[in-house]
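Chemist: Below are the chains, spelled out letter by letter.
Number of protein chains: 4
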Amino acid sequence: MPIRVALLGTKFMGKAHSQAYRNVSMFFPDAPPVEMKVIVGRHPQETERARQLFGWQEASTDWKKTVARPDIDLVDIATPGDLHCEMALAAAAAGKHLICEKPLANTLEEAKKMLAAVQKAKVRHLVMHNYRRVPAVALAKKMIEEGRLGQLYHFRARYLQDWAMSPDLHLVWRFSAASAGSGALGDLGAHIIDLARYLCGEIMEISATLETFIRQRPVAPGSKQMKKVTVDDAAEMIVRFQNGAVGTLEASRFARGRKNQNTFEINGSKGSLAFDLEHLNVLKFYDAEDAPDAQGFNEILCVSKGVHPYADNWWFDGHILGYEHTFTHSVYDFLKALESRSKIHPDFVDGVRNQAVLDAAVRAAAEKRWVSVGT
Amino acid sequence: MPIRVALLGTKFMGKAHSQAYRNVSMFFPDAPPVEMKVIVGRHPQETERARQLFGWQEASTDWKKTVARPDIDLVDIATPGDLHCEMALAAAAAGKHLICEKPLANTLEEAKKMLAAVQKAKVRHLVMHNYRRVPAVALAKKMIEEGRLGQLYHFRARYLQDWAMSPDLHLVWRFSAASAGSGALGDLGAHIIDLARYLCGEIMEISATLETFIRQRPVAPGSKQMKKVTVDDAAEMIVRFQNGAVGTLEASRFARGRKNQNTFEINGSKGSLAFDLEHLNVLKFYDAEDAPDAQGFNEILCVSKGVHPYADNWWFDGHILGYEHTFTHSVYDFLKALESRSKIHPDFVDGVRNQAVLDAAVRAAAEKRWVSVGT
Amino acid sequence: MPIRVALLGTKFMGKAHSQAYRNVSMFFPDAPPVEMKVIVGRHPQETERARQLFGWQEASTDWKKTVARPDIDLVDIATPGDLHCEMALAAAAAGKHLICEKPLANTLEEAKKMLAAVQKAKVRHLVMHNYRRVPAVALAKKMIEEGRLGQLYHFRARYLQDWAMSPDLHLVWRFSAASAGSGALGDLGAHIIDLARYLCGEIMEISATLETFIRQRPVAPGSKQMKKVTVDDAAEMIVRFQNGAVGTLEASRFARGRKNQNTFEINGSKGSLAFDLEHLNVLKFYDAEDAPDAQGFNEILCVSKGVHPYADNWWFDGHILGYEHTFTHSVYDFLKALESRSKIHPDFVDGVRNQAVLDAAVRAAAEKRWVSVGT
Amino acid sequence: MPIRVALLGTKFMGKAHSQAYRNVSMFFPDAPPVEMKVIVGRHPQETERARQLFGWQEASTDWKKTVARPDIDLVDIATPGDLHCEMALAAAAAGKHLICEKPLANTLEEAKKMLAAVQKAKVRHLVMHNYRRVPAVALAKKMIEEGRLGQLYHFRARYLQDWAMSPDLHLVWRFSAASAGSGALGDLGAHIIDLARYLCGEIMEISATLETFIRQRPVAPGSKQMKKVTVDDAAEMIVRFQNGAVGTLEASRFARGRKNQNTFEINGSKGSLAFDLEHLNVLKFYDAEDAPDAQGFNEILCVSKGVHPYADNWWFDGHILGYEHTFTHSVYDFLKALESRSKIHPDFVDGVRNQAVLDAAVRAAAEKRWVSVGT
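Residue numbers (numbering that gives the first Met the number 0), protein chains in the order written: chain A, 0 to 374; chain B, 0 to 374; chain C, 0 to 374; chain D, 0 to 374.
One chain only, chain A, in its complex shape (with noise of 0.2 Å):
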């Protein structure tokens, strides 16, 4: 029996999420079968065409009806973060499993309740924070749990984009804190506050401080009417670990130049490792046991059969991979989890954490001090 699928979401998470249904099985063949059953958006014409173009077999306009359908197993959230809890609540009293797109809420409080729903419900979840599948950054863990590392001193991290610079650009859903929550510290903060969790451990107190650059936007393409930006265009905070290890993030919008640089680096006793998604196949690794006269930074080339995460299933030795398979991998953990009935990561309990941290990162902000990380 396939599993079957409805994606809420048409945009550009709907299609990434799509193109890692439409191809898992081709290159992951023992996958379990997956039927694209339904798409789900707003608007009858481009939820039609986003169906025939990613090649699902249906397409709706109504989440509603579509998560509680007998026929779905699955339901994979890819919707603006206003829609999250709602959405997850209803799929998880109709029993379905979850993918849900990161951050898993817009607020702690609804991250706890989804929670609480999915646990009640006993189905399967996970948060998709699709670059822990990056080879690179599954090949860090791996090294870090393997003790290669030693004890972790340090964890360092920005995502740093450019895009919201102009201050043409008028006030899209990301601008809203109604719709989107936060600015660049939910939208990519999120993604290195995962990261730093699942790398370096449980972050225990932070300082930060957010800012938004122009404050005010035009409320539609080439309007001259003005509304105020209600979130941060960039995000900079210190952490203390519960390991004891101390570190940096940052996440802006306004780093000219940067289009997609989501980047770590990670300083352990017996060693260091340093990450940089604008070149994700590569990860590069400072081995102190290396010969003394031979250490340095190690550029791995992550791409080698029968020695680096998912390598197996894709081409030759050195042939790089794309943005897009941190999907089809995570679709993959995730067919064989339910498969297997096994634990998968991260799961709405991470979510639950990370929002954690965004949470105690936005009180810190206001009150100008270290705020210990709750959950």
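Keep in mind the hints are simulated off the structure, nothing from the lab.
Incorrect hints may have been included.
A pair holds if it fits inside one copy or across any two, identical chains being indistinguishable in the list.
When the alpha-carbon atoms are kept at most 20 Å apart in a straight line, the in silico PhoX-like pairs for lysine-lysine are as follows [said to hold, decoys possible]:
| # | residue 1 | residue 2 |
| --- | --- | --- |
| 1 | Lys304 | Lys141 |
| 2 | Lys304 | Lys269 |
| 3 | Lys119 | Lys140 |
| 4 | Lys10 | Lys304 |
| 5 | Lys335 | Lys111 |
| 6 | Lys121 | Lys342 |
| 7 | Lys121 | Lys335 |
| 8 | Lys141 | Lys342 |
| 9 | Lys63 | Lys112 |
| 10 | Lys119 | Lys342 |
| 11 | Lys141 | Lys269 |
| 12 | Lys140 | Lys269 |
| 13 | Lys121 | Lys111 |
| 14 | Lys140 | Lys304 |
| 15 | Lys141 | Lys64 |
| 16 | Lys342 | Lys140 |
Fit chains B, C and D to the supplied structure of chain A, relying on the hints for placement.
Modeler: Leaving out everything else, chains B, C and D in the frame of chain A:
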């Protein structure tokens, strides 16, 4: 009416081409529709499995019948080189459009026959030198054509791998002149000769040396029976172009640590360009017309919408593309050319010229002198 | 009349400053002549040896007498921080011009006294923040002043080393608050705070955390007697600038594999700059006014004659400079300022402001809240 | 007794060598003492100025008298190539030790005469192929000798500059065969041929092409009178080594944007090394014996004390060295060899062999065929 495709070949290249047909319309909605009709292989089970995984309608082990079928419009040859000529001749005779993997043939004579056949049949033809459609390479071509490099002085390229370095590796088809024609020269050298011709112009004369470092190999995995390797492991070439530029070309399977390094640099009077396939989203550009204090090699991440080749059809700015979409782009451009009945490059004329360079390289190496590239 | 110099300090910084005096006139023939009069150290033999090796006329172990000598024009303080204040006060009282290693003092109070003293004495004064005179940094400053970055949004810097990571390393003076004032904060952080102020402007407020990973160390090499480390191993800071920019600053001696990585990135509305001291001849510049298809981080090798700061005085284009010439440049500029009686930066005013930021960082870390930077 | 030096040449190389003599004892206290006795140039005023700036005791315009002086132990020839032979012969006849700039001579015949002269005189002799003493290159040599690369398969090098690209640049001595012998070939090619021989072994045979892109130039700055350029602007070579390795070598003054890019890569059965003079403190090492998941090109910053060649004598770990200290190291090693009466490399034997390769390259280019490298 969709364009109905028969694909000959189920292995690495069969998979890469399949991926292109499978996804082209999702990302390039204006592509003429394509029907993945038949995939052809030698072994029934393997071919049936490829059919299922890749998404073809039918599987066949009889390429001769297949290429003659009236419900096929396009034959795509993705087999070892010793089959190209016979297959292409049959497909052309049946009036099919043709895509053929590189190098076009195993000898210049074969290549010429194939060109004559497609010209006589008045079908369209493409040699799958997929690297022309790396966005960074397409951008390089555009910059050169716009005169941004000025007069060209140097072209240097190398295509380096290291998979053949173990003496334990047995005599796969790529080590046999009978099936592969040549070794690194035809496999890797053909790619950089194509880029040399595409970006810098026709090669006038060549000097070369070919070397086989491991001269005999086991006939099968683990076997103690050894057989002679009949192809080169490495090819070193210096060339003179018709436009007065000079260059070095190198292809090797014995470059430890270089997994798939297809890299070139081109120097002109006004600027230089550098590319490396292992970081395929990047083109480096030195612009002598930049402000004097700001001149340097500019690391262009070739993934900006509205700006870079093919970028409009993919993800957001800075979200990197993988190797396989060089095929997606090639298939897209070929489908568009079929639709518009316009010229497509590189065609079999290019294939013949490429083969002429390979042929001259072999003679130059054997005769230890410079050889003019004839056609 | 040559400028007669007394150098206090014979170790690493004593050697670096000596090199500058020894070579400045060879490479900068228009520098006022300088006489390497006296070098002062604690140990007679070591000091005599330094005298011979570095090329000073006399050696002395009495700094007080030395700074009072009538045949000394310039006192250069290259000792640990706990001696700066007393030495500078004495030298200023004797009417000597002053160069002082960074950080200016161990406390803000000391720094203010030193400033008052040089102002009262009407002598010229320089804090040896030598990295301002890396050609790439000088170029960065010029570009920012010319408006080529537009409005500044972000400054992020880190200065990372790893020499302190072994628990066996004993309690050298740098691990003691009494002699060094602070740890990574004052040693490395002071450098990047200076660059932040130089390139981005005054820091308005700060939040920080300080961490000491190895809290006690042997009192001497190989000793089993342990003593408390009284300084930080790492300092993490977020800052808000007066011009509205925000930033992260990090200093650590526990970043495995980073030997001397003093790196910054600055993002403005029109462009970005990036620098790394481990590749000190390079400045990376993203220019949003480049042709759209050619935008990227431009790797400028800052060694072109007629174009880059200080380049005319060195070797041919592209012949790279070493670390020590940051001192050569600093000494040259100071000598020229003495000659022309013009202002030199960074002076003790800068030193005081730098100290105020360090001071605020310490308080912010202790009080776990944002602190305004006063002076 | 100090070693008393006469330096012939006051320009770029004169300055570089002077710097070495001036500073060697400061950084290498165990170097035998050296006395900077006489600097010799053509023009009295220029030579006197060089004397003052560089720190020589005397200035002279008569090299013949100078090399014959009894109070000179070592003659250092840093003049254009057409003077090397006569000078070296005279100095050897006078029993002086010799350092000579590269290439040793303008012809193979001259080089052989020079070698015969120093052998007859039983003096010590060094050709100033200074790049052997870049710490990264010395480390490369050590690694190769330790067998860490295994059997060598490939050596590829290029030395690229762009200073000659303007047609307005007049006919300086480097464009004249009479004074310079050859163009890019002897100037830049000699360096990489030396590195090829040093790191990979003797070159057995060679094929080459030489090109002069700008064939006539103004006789003087701004002049409209044109004269023929009699040297090459670029040299492209392929070579076969005695050990079975094959390689490409390229020297050009027409590589826009490459200011001083002397770069090589060497591939062996067990590892690879890569170097670029524009980042001269870095050696990249691929070690096939690293853990499989951690293999990659390791960016070694060759400035760690107790670990890397020459590092103990310089600054702290990670503090980078500049171009000029390749001369400091060369002079140090030569002085030590004089003291210990031990062999020094590269000597005039190396110089002759280098010249034999240059000679073979010229013949190969002229005769359009492979040429054996004789000596």
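Chemist: Are the hints correct? Go through all of them and say.
Modeler: Structure-based check of each hint:
no., hint, verdict
1, Lys304 - Lys141, "within (16 Å within a copy, 32 Å between copies)"
2, Lys304 - Lys269, "between (26 Å within a copy, 19 Å between copies)"
3, Lys119 - Lys140, "neither (30 Å within a copy, 58 Å between copies)"
4, Lys10 - Lys304, "between (33 Å within a copy, 16 Å between copies)"
5, Lys335 - Lys111, "neither (26 Å within a copy, 51 Å between copies)"
6, Lys121 - Lys342, "within (12 Å within a copy, 58 Å between copies)"
7, Lys121 - Lys335, "within (17 Å within a copy, 50 Å between copies)"
8, Lys141 - Lys342, "within (17 Å within a copy, 50 Å between copies)"
9, Lys63 - Lys112, "within (18 Å within a copy, 62 Å between copies)"
10, Lys119 - Lys342, "within (16 Å within a copy, 62 Å between copies)"
11, Lys141 - Lys269, "within (15 Å within a copy, 26 Å between copies)"
12, Lys140 - Lys269, "within (15 Å within a copy, 28 Å between copies)"
13, Lys121 - Lys111, "within (15 Å within a copy, 66 Å between copies)"
14, Lys140 - Lys304, "within (18 Å within a copy, 32 Å between copies)"
15, Lys141 - Lys64, "neither (42 Å within a copy, 50 Å between copies)"
16, Lys342 - Lys140, "within (17 Å within a copy, 49 Å between copies)"
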